[in-house]
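> Sequence:
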Amino acid sequence: MPSRVENMVQTETGPRHVMQGTYLGTRIEVVAGYDIQTDGWPFHVYLHQSGGQTDRMSDRPTGYWAESLDAAFDEGFELAVRHLTPSGGAA
8 MPSRVENMVQ TETGPRHVMQ GTYLGTRIEV VAGYDIQTDG WPFHVYLHQS
58 GGQTDRMSDR PTGYWAESLD AAFDEGFELA VRHLTPSGGA A
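Going by my numbering, the first residue of the sequence shown is number 8, and it counts up by one from there.
No wet-lab data here; the hints were simulated from the structure.
Just so it is clear, CB atoms sit at the ideal spot from N, CA and C, and this is done for glycine as well.
Each hint should be verified, as a subset may be incorrect.
[Said to hold, decoys possible] Derived DEER-like restraints, expressed as beta-carbon distance ranges:
#1 Thr-29 <-> Asp-77: 16 to 26 Å
#2 Ala-78 <-> His-55: 15 to 25 Å
#3 Asp-42 <-> Ser-94: 30 to 40 Å
#4 Gln-56 <-> Ala-78: 21 to 31 Å
#5 Leu-91 <-> Ile-43: 31 to 41 Å
#6 Pro-93 <-> Gly-21: 35 to 45 Å
Please model the entire structure based on the sequences and the hints provided.
Set out below in structure tokens:
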């Protein structure tokens, strides 16, 4: 997982798996679940801004898929970090 994300914790397990962390003041939430028909892990990425606004980084159904739960979390956080990092520099 991106090392720049702080306070990472898994908040849900079961059919729905949720991992949260904070980056540049934004709470990132990656939600994943196993799909038996494709043997894959579709996932969503949510960005919770400090002002209360929540943005979803994908449509429904999601276009984001991973080969494992760990990969879904890794890829989800990496997408969020790239989205939140100011252009032209690393945070």
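> Against this structure, judge whether each hint is valid.
Evaluated hints:
For the hinted restraint 16 to 26 Å between Thr-29 and Asp-77, the CB-CB distance of approximately 20 Å keeps it satisfied. A C-beta distance of roughly 23 Å is found between Ala-78 and His-55, which places it inside the suggested range of 15 to 25 Å. The beta-carbon spacing between Asp-42 and Ser-94, approximately 34 Å, falls within the hinted interval of 30 to 40 Å. Between Gln-56 and Ala-78 the beta carbons are some 26 Å apart, a value that agrees with the proposed interval 21 to 31 Å.
Separated by about 33 Å at the C-beta atoms, Leu-91 and Ile-43 satisfy the suggested range of 31 to 41 Å. The beta-carbon spacing between Pro-93 and Gly-21, approximately 36 Å, falls within the hinted interval of 35 to 45 Å.
Hint violations for this structure: none, all hints satisfied.
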